[in-house]
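Keeping the supplied structure of chain A fixed, place chain B upon it in accordance with the hints.
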Amino acid sequence: MASSTEVNKTATLSQSTTGAQRPGRFGIYGGRYVPETLVAALDELEHAYAEAQGDPAFHARLDSLLSDYAGRPTPLYFAERLTEALGGAKIYLKREDLLHTGAHKINNCIGQGLLAQRMDKHRIIAETGAGQHGVATATVCALLGMECVVYMGEEDMHRQELNVYRMRLLGAEVRGVSSGSKTLKDAINEAMRDWVTNVRTTHYLLGSVLGAHPYPAMVRDFHRVIGKEARQQIQEKEGRLPTAVIACVGGGSNAIGAFYEFIPDKNVRLIGVEAGGRGPKLGEHAARFQGGAPGVLQGTYSYVLQDDDGQIALTHSVSAGLDYASVGPEHAALHDSGRAEYVSATDEDALAATVKLARMEGILPALESAHAVAECIRMAPSLAAYEILLVNLSGRGDKDMGILSRELKLKGA
Amino acid sequence: MSIRFANKPGLVAYLTAGDPDLKTTHAIALAAIDAGADVIELGVPFSDPVADGPVIQRASERALARGTRLADVLELGKELRAARPDAGLVIFSYYNPILRFGLEKFCSAAAEAGMDGVLVTDMIVEEADEYLAYLAKHRLAPIFLAAPTSPDARLERIAAASKGFVYAISRTGITGTQKSLAADAESLVKRLRQYTNLPIAVGFGVSNAEHFATVGEFADAAVVGSAIVALIEKSESADAPSSIARFIQGLRAPAMQAR
Numbered sequence: 024m025a026s027s028t029e030v031n032k033t034a035t036l037s038q039s040t041t042g043a044q045r046p047g048r049f050g051i052y053g054g055r056y057v058p059e060t061l062v063a064a065l066d067e068l069e070h071a072y073a074e075a076q077g078d079p080a081f082h083a084r085l086d087s088l089l090s091d092y093a094g095r096p097t098p099l100y101f102a103e104r105l106t107e108a109l110g111g112a113k114i115y116l117k118r119e120d121l122l123h124t125g126a127h128k129i130n131n132c133i134g135q136g137l138l139a140q141r142m143d144k145h146r147i148i149a150e151t152g153a154g155q156h157g158v159a160t161a162t163v164c165a166l167l168g169m170e171c172v173v174y175m176g177e178e179d180m181h182r183q184e185l186n187v188y189r190m191r192l193l194g195a196e197v198r199g200v201s202s203g204s205k206t207l208k209d210a211i212n213e214a215m216r217d218w219v220t221n222v223r224t225t226h227y228l229l230g231s232v233l234g235a236h237p238y239p240a241m242v243r244d245f246h247r248v249i250g251k252e253a254r255q256q257i258q259e260k261e262g263r264l265p266t267a268v269i270a271c272v273g274g275g276s277n278a279i280g281a282f283y284e285f286i287p288d289k290n291v292r293l294i295g296v297e298a299g300g301r302g303p304k305l306g307e308h309a310a311r312f313q314g315g316a317p318g319v320l321q322g323t324y325s326y327v328l329q330d331d332d333g334q335i336a337l338t339h340s341v342s343a344g345l346d347y348a349s350v351g352p353e354h355a356a357l358h359d360s361g362r363a364e365y366v367s368a369t370d371e372d373a374l375a376a377t378v379k380l381a382r383m384e385g386i387l388p389a390l391e392s393a394h395a396v397a398e399c400i401r402m403a404p405s406l407a408a409y410e411i412l413l414v415n416l417s418g419r420g421d422k423d424m425g426i427l428s429r430e431l432k433l434k435g436a
Numbered sequence: 119m120s121i122r123f124a125n126k127p128g129l130v131a132y133l134t135a136g137d138p139d140l141k142t143t144h145a146i147a148l149a150a151i152d153a154g155a156d157v158i159e160l161g162v163p164f165s166d167p168v169a170d171g172p173v174i175q176r177a178s179e180r181a182l183a184r185g186t187r188l189a190d191v192l193e194l195g196k197e198l199r200a201a202r203p204d205a206g207l208v209i210f211s212y213y214n215p216i217l218r219f220g221l222e223k224f225c226s227a228a229a230e231a232g233m234d235g236v237l238v239t240d241m242i243v244e245e246a247d248e249y250l251a252y253l254a255k256h257r258l259a260p261i262f263l264a265a266p267t268s269p270d271a272r273l274e275r276i277a278a279a280s281k282g283f284v285y286a287i288s289r290t291g292i293t294g295t296q297k298s299l300a301a302d303a304e305s306l307v308k309r310l311r312q313y314t315n316l317p318i319a320v321g322f323g324v325s326n327a328e329h330f331a332t333v334g335e336f337a338d339a340a341v342v343g344s345a346i347v348a349l350i351e352k353s354e355s356a357d358a359p360s361s362i363a364r365f366i367q368g369l370r371a372p373a374m375q376a377r
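Line by line, the protein sequences are chains A and B. Read left to right, the first sequence gives residues 24 to 436 (my numbering). Read left to right, the second sequence gives residues 119 to 377 (my numbering).
Keep in mind that the hints were calculated from the coordinates and are not lab data. Incorrect hints may have been included.
Below, in silico cross-link-like pairs of lysine to aspartate or glutamate (EDC-like), each with a Cα-Cα straight-line distance of 16 angstroms or less [as the list claims (entries may be wrong)]:
1. B:Lys141 - B:Glu354
2. B:Lys281 - B:Asp247
3. A:Lys304 - A:Asp330
4. B:Lys141 - B:Asp357
5. A:Lys205 - B:Glu179
6. B:Lys223 - A:Asp331
7. B:Lys308 - B:Glu335
8. A:Lys251 - A:Asp288
9. B:Lys223 - A:Asp332
So the derived list for chain B, only partly shown, Cβ under 8 angstroms to chain A, looks like this [as the list claims (entries may be wrong)]:
10. Ser165
11. Asp166
12. Leu182
13. Arg187
14. Leu188
15. Glu193
16. Tyr213
17. Pro215
18. Arg218
19. Phe219
20. Thr239
21. Thr290
Note that CB positions come from ideal geometry on N, CA and C, so glycine has one too.
Chain A on its own, in the form it takes in the complex:
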């Protein structure tokens, strides 16, 4: 217990959760803020993960599934027509959209699925926003022969209907969540309630770099392969590192995966793009670094969109995968240290970027990834031709056809 002088030193809100040296912390962020019932399971997961990390057999199985089943490595594609049209920096796309199931999410799902096997847990639960994590989880459960329950907000079930069908086809049970804004945050609440009840038999396959320790570090590790490949590929193609790596940030799993290997490369800018939604008013967006304050949500201390009473704010984004009130704690630390920059793109920017990429390159990005493309489109013209922008194209947009046809009025006369 701290003495009273120590108490006085740590009296500000942002420092009230200190302990940079403790495991599971990124600077002052992260930690474990969960009901006591879950602590033993988090400890078990932490130990199983540490053990697996030291086990060559685990890595061999993971690597083999990542290459033969998921389709790694993914290409780094030079978007020549887009580059020419924008008339500035060279644009490269890291094609995570080409992975099995259509997004980067499969990297983490294979990893955690194998961990669940090691822990002898055969019931898997997951939350999903856009449905990409749910589909990847359902896929891995089919592959490994495990029971799968996916929680999804009813609003998201409506706007990502195709993914709901996919999950059901794969044998997963999709449970609709009708509380709150009926989106990702509410799905996580319900998944946590399931986990706390069935913790002895169930693994919670959390889909982003969120939640209590060890999830943020573990999920990041499973996605580090994105940045590892990209860093090597850009050097092979260009003989140098990019000016910036750009990725969308919901919870932030694709972004941290893309950024991580570049963190020591101080001259490479790391740019995370949050959902600017319909505008800067609280409730109309999911730009945590613009409207949020440090707080605790769903197990971790990070930036949170909240009101003056600490009640979590509702959020909005055209993209279900970015529509979340908090952000991974490691991003919070990268933000505060200045190593990464966080900007936002509006719904409108993302929709325009989707159309542009589709028509210039024949690539339909997920609405989430389109936020990163939008920032790239904004930046590229002002940069010189020798500069390189590396965009993590985290997912493909087939799942968004319903919403795109409504928003872009593709139907009609």
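Using the frame of chain A, we list chain B on its own:
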């Protein structure tokens, strides 16, 4: 320190503050104390109550819809303290409303309101250094949860960090009523007893006189939450205090007769 269990078994009654409104919560709390509740847990409504079942989720939504704020809950606590100097009064919250209010400012205000203790659902002993320091500075009892899944080494830490009482969760799960009490509860209390002389209160799913009597056989007190909140949900505001008083008297009556 007013956390004492004068009655055996003791009764901790949980109320979501502001459901259906603060004035009614005030009246219900007084009625509950007068009917034999030793400790009142004043629940701070939160938008994302991950440890709670549907009954308390709905109560939180109703309280938030009425605009209930942490400062209001502290004010309610202060009024209850003035009206019932000997009752045990505990603030029950998720961590974020307290963090946003300011941890030190909260502890200072809670102490000034005459609260005896604080229970934060998503605060575990490993994260609690500053939290414990501020509570100690303001002489508030930290009440931690112990779970059936907590190994003995954790129970020892939980017992060592707790004051007032230790809250033993009867089963893995969220708050809510159930038909029968899990066998988990008794073995957890036995394991916990190795490490503490503090009273042990058993909660989660304690909803009727039979459960209450059962808990009384192996623990010092029972926490009743969802059953009370569900009754408040069903009652007209004006009738809620007397309904709760009758419910609490009914919990105890058979236990007393059995002795």
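Verification of the supplied hints:
1. The suggested pairing of lysine 141 of chain B with glutamate 354 of chain B holds, with an alpha-carbon distance near 13 angstroms, which does not exceed 16 angstroms.
2. Proximity of lysine 281 of chain B to aspartate 247 of chain B is assessed by CA-CA distance (about 15 angstroms); at most 16 angstroms being required, the pair is judged to hold.
3. Of the pairs offered as hints, the one joining lysine 304 of chain A and aspartate 330 of chain A holds, with about 12 angstroms between alpha carbons and a cut-off of 16 angstroms not exceeded.
4. Proximity of lysine 141 of chain B to aspartate 357 of chain B is assessed by CA-CA distance (about 13 angstroms); at most 16 angstroms being required, the pair is judged to hold.
5. Distance restraint check for lysine 205 of chain A and glutamate 179 of chain B: the Cα-Cα separation of roughly 14 angstroms lies within the 16 angstroms cut-off, and the hinted pair is therefore satisfied.
6. Simply put, lysine 223 of chain B and aspartate 331 of chain A have alpha-carbon atoms about 15 angstroms apart, close enough for the 16 angstroms limit, and the pair holds.
7. Annotation: proposed proximity of lysine 308 of chain B to glutamate 335 of chain B holds, straight-line Cα distance about 12 angstroms (limit 16 angstroms).
8. Restraint check: the Cα-Cα separation between lysine 251 of chain A and aspartate 288 of chain A comes to about 13 angstroms, which is no more than 16 angstroms; the hinted pair holds.
9. Restraint check: the Cα-Cα separation between lysine 223 of chain B and aspartate 332 of chain A comes to about 13 angstroms, which is no more than 16 angstroms; the hinted pair holds.
10. Residue-level restraint check for serine 165 of chain B holds (minimum Cβ-Cβ distance to chain A is 4 angstroms; threshold 8 angstroms).
11. Given hint, aspartate 166 of chain B at the interface with chain A, holds; its Cβ is 5 angstroms from that chain's nearest Cβ, closer than 8 angstroms.
12. For leucine 182 of chain B, the shortest C-beta to C-beta distance to chain A is roughly 6 angstroms, which falls under 8 angstroms, so the interface hint holds.
13. Taken as an interface hint, arginine 187 of chain B checks out: its beta carbon lies about 5 angstroms from the nearest beta carbon of chain A, inside 8 angstroms.
14. Given hint, leucine 188 of chain B at the interface with chain A, holds; its Cβ is 6 angstroms from that chain's nearest Cβ, closer than 8 angstroms.
15. Annotation: glutamate 193 of chain B was flagged as interfacial toward chain A, and the flag is violated, the nearest CB pair being 14 angstroms apart, outside 8 angstroms.
16. Of the supplied interface hints, the one on tyrosine 213 of chain B holds, with its beta-carbon coming within about 5 angstroms of a beta-carbon of chain A, less than 8 angstroms.
17. For proline 215 of chain B, the suggested interface contact is upheld, since its CB lies about 4 angstroms from the closest CB of chain A, less than 8 angstroms.
18. With a cut of 8 angstroms, the hint placing arginine 218 of chain B at the interface with chain A holds, because the nearest CB-to-CB distance is about 3 angstroms.
19. Taking 8 angstroms as the C-beta contact cut-off toward chain A, the hint placing phenylalanine 219 of chain B at the interface holds, the least distance being around 7 angstroms.
20. The beta carbon of threonine 239 of chain B is positioned within 8 angstroms of a beta carbon in chain A (closest approach about 6 angstroms), and the interface hint is therefore held.
21. Below 8 angstroms, beta-carbon pairs count as interface contacts, and threonine 290 of chain B has one with chain A at about 5 angstroms; its hint therefore holds.
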